[in-house]
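**Q** In case you want the letters, here they are:
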Amino acid sequence: MKHIVKLLILLVAVSAFWIGLLETVVPRSYAWLLPVYFIVSLGCYGLLMVGVGLMHFPTCPQEAVLLQKDIAEAKEFLKQRGVDVDYD
Amino acid sequence: MEINKNKYSIIVPTYNERLNIALLVYLVFKHLRDVDFEIIVVDDGSPDGTQEVVKQLQQVYGEDRILLRARPRKLGLGTAYVHGLKHASGNFVVIMDADLSHHPKYLPSFIRKQLETGASIVTGTRYVKGGGVHGWNLMRKLTSRGANVLAQTLLWPGVSDLTGSFRLYRKSVLEDVISSCVSKGYVFQMEMIVRASRKRYHIEEVPITFVDRVYGSSKLGGSEIVEYLKGLAYLLVST
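So the sequences go chain by chain: S and U. Here the first sequence is numbered in full-length UniProt numbering, starting from 1 and rising by one per residue. Here the second sequence is numbered in full-length UniProt numbering, starting from 1 and rising by one per residue.
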């Protein structure tokens, strides 16, 4: 089953639930606004996830230093064996 | 410890990576002792002499360990992998960038993970503990994170790093997945891993660090966001 089909089925199920709510328990005015609340909450959740992820974005400054060491070591080795590493 | 009888074909597409390819090859040989592997350089007609440097490297390390399978001009990343695959004699294939943002020191951890779990695909992730990036400004981190959240919400891909391209594949799995992918550029990387996930291949992740390239110029350009959104939409409906 394609992913989009899965998502559409989920959407249909949630919509059916919402329509059910419209007809019965919840006062009409609130029920009509539920989709709006849902979308806004989803948006907020997304922004929160981006923010949290940004705060905890793993960084590795020490890797840049190690890389420079590796580059120097590689250039040394290759130069001795006739590989042209003087290009910059 | 059991001897690893697998052979690993490392496919490296290059365009104007004259210095980086030499450094990369040195580091691969340094970190993969006691492993049977070959490096397949798919160069798209680089004008800076990349192929000459590869030939010098062949003199040092042997033509059976370093294969140069060039193409006449820039023909795209996806087809570069397909081209490399045709010449791969290993039963596993590693794809990685030539610019040292993918450090060969992680190759043993990819191999170890695959041996431990029997996975069909091991993908490197920059976004978990033990992984990371360096050289990214706030804007780049923001777009990366935003793109990732969007993709996770829409696609449920089952991996934490969708656009990464440092991966180990069982050769037969790569052949299967690549034949059904049509995107270009980094969306192609996303399509590969999403299709693999949909086909229920066993995928494992290992943390990797990604240091922004030191030498040469990045192939990453301008209208990325639009391309990315188009790619997401395509993946949403076709996978």
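There's no promise every hint is true.
For lysine to aspartate or glutamate, the following DMTMM-like pairs were computed, each having C-alpha atoms within a straight-line distance of at most 25 angstroms [unchecked claim]:
(1) S:79 / U:48
(2) U:55 / U:44
(3) S:2 / U:204
(4) U:55 / S:86
(5) U:105 / S:23
(6) U:30 / U:116
(7) S:6 / U:176
(8) U:105 / S:84
(9) S:75 / U:204
(10) U:171 / U:48
Quick caveat, the hints were computed from the structure, so don't treat them as lab data. For clarity, every value in this text was computed on a predicted model and none was experimentally measured.
**Q** Confirm or reject each hint.
**A** Structure-based check of all given hints:
Between residue 79 (chain S) and residue 48 (chain U) the CA atoms are separated by roughly 18 angstroms; this keeps the pair inside 25 angstroms, and the hint holds. Using a Cα cut-off of 25 angstroms, the hinted pair residue 55 (chain U) and residue 44 (chain U) holds, with the two alpha carbons roughly 15 angstroms apart. For the hint linking residue 2 (chain S) to residue 204 (chain U), the alpha-carbon distance of about 23 angstroms falls within 25 angstroms, and the restraint holds. With a CA separation close to 16 angstroms, the supplied pair residue 55 (chain U) and residue 86 (chain S) stays within the 25 angstroms bound.
For the hint linking residue 105 (chain U) to residue 23 (chain S), the alpha-carbon distance of about 62 angstroms lies beyond 25 angstroms, and the restraint is violated. At roughly 23 angstroms between alpha-carbon atoms, residue 30 (chain U) and residue 116 (chain U) fall within 25 angstroms of each other, so this suggested pair holds. This hinted pair checks out: residue 6 (chain S) and residue 176 (chain U) have alpha carbons roughly 24 angstroms apart, not beyond 25 angstroms. Restraint check for residue 105 (chain U) and residue 84 (chain S): the C-alpha separation of about 23 angstroms stays at or below 25 angstroms, so the hint holds.
The suggested pairing of residue 75 (chain S) with residue 204 (chain U) is violated, with an alpha-carbon distance near 34 angstroms, which exceeds 25 angstroms. The suggested pairing of residue 171 (chain U) with residue 48 (chain U) is violated, with an alpha-carbon distance near 31 angstroms, which exceeds 25 angstroms.
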